[in-house]
Amino acid sequence: MHHVDRPGLRERKKERTRRALASAALRLFAERGYEETTIADIAAAADVSPRTFFSYFPSKEDVVFAEVDDRLAEIGERLGDRPPGETPLETMRHAMVYAMDALVSEHGEYGAVQVRLVLERPGLQARALQRLNDTQQEIETILRELVPEITEIDAVAVSGVAVGCMQAVIIHCRQNGYDPASTRAALDRALVIVEHGLSSVEPLTRAPAPTAPGGNVSNLADARDSARRTGALP
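Just so you know, our numbering puts the end of the sequence shown at 234, numbered straight through with nothing missing.
Treat the hints as calculated values from the structure; they're not laboratory data. Worth double-checking, as some hints may not be accurate.
Claimed, not checked - With a straight-line cut-off of 20 Å between C-alpha atoms, the simulated EDC-like cross-links for lysine to aspartate or glutamate are:
#1 K60 - E31
#2 K60 - D47
#3 K14 - D70
#4 K60 - E35
#5 K60 - E152
#6 K14 - D69
#7 K13 - D47
#8 K60 - D41
#9 K60 - E15
#10 K60 - E36
Build out the structure end to end from the sequences listed, making use of the hints.
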């Protein structure tokens, strides 16, 4: 079992201050608006000085992504510490579900504020895209280390689709309300598709399989049945 060192008192204090700044920022953005909130306001709400704010965040834009950065970093850490008996893609799926679950529940009602800010401001959109791109590249690198036979294109494709799944589910649940079980299930289902391919997709409701002209079963159903016959799927 992997041993995780407990952070020291100083590190825990710094982390509490960082989280206090992030929480205060999102609360003030919700109450006053993004442009109307200054760094001095955020620092005062967290009971620290503006100078202390800059010890943790280079700018007001960066504080918006405080929890996002933490959770995205955890994905790479968990991938690099894969448990025995798990495939790399299984570990990636579990790590992303865990990170998403923590991320969307971290700030409760203020999570939707964070999403709205990003969607409305091109500058924040650019920063969000850069963070997702960095995460994708990290996952790609780790996958290539863990799975030597995977090609560069395969690693890029898998990591890109996986990060896209997480992004879509986070935005959806923050805009429409967060239910832990259904949100976790939605991301897990999407990542299962990434892990096993489209032949693994099961209909959300048990409807008859669509047929092609001439009465032939659709290609998707054929592929799924073929995968089951060969043992690739249960």
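Hint check results:
1. For the given pair, K60 sits about 16 Å from E31 by alpha-carbon distance, which is consistent with the 20 Å threshold.
2. Pair hint K60 plus D47 holds up; C-alpha atoms about 17 Å apart against a cutoff of 20 Å.
3. The hinted pair formed by K14 and D70 meets the criterion: a straight-line CA distance of about 14 Å does not exceed 20 Å.
4. About 10 Å separates the Cα atoms of K60 and E35, which keeps this hinted pair within 20 Å; it holds.
5. Proximity of K60 to E152 is assessed by CA-CA distance (about 36 Å); at most 20 Å being required, the pair is judged violated.
6. For the hint linking K14 to D69, the alpha-carbon distance of about 16 Å falls within 20 Å, and the restraint holds.
7. As the CA atoms of K13 and D47 are separated by approximately 13 Å, the hinted pair is consistent with the 20 Å bound.
8. With a C-alpha separation of about 11 Å, the suggested pair K60 and D41 falls inside the 20 Å cut-off, and the hint holds.
9. Taken as a hint, the K60 and E15 pair is honoured in the structure, with Cα atoms around 18 Å apart against an allowance of 20 Å.
10. As the CA atoms of K60 and E36 are separated by approximately 12 Å, the hinted pair is consistent with the 20 Å bound.
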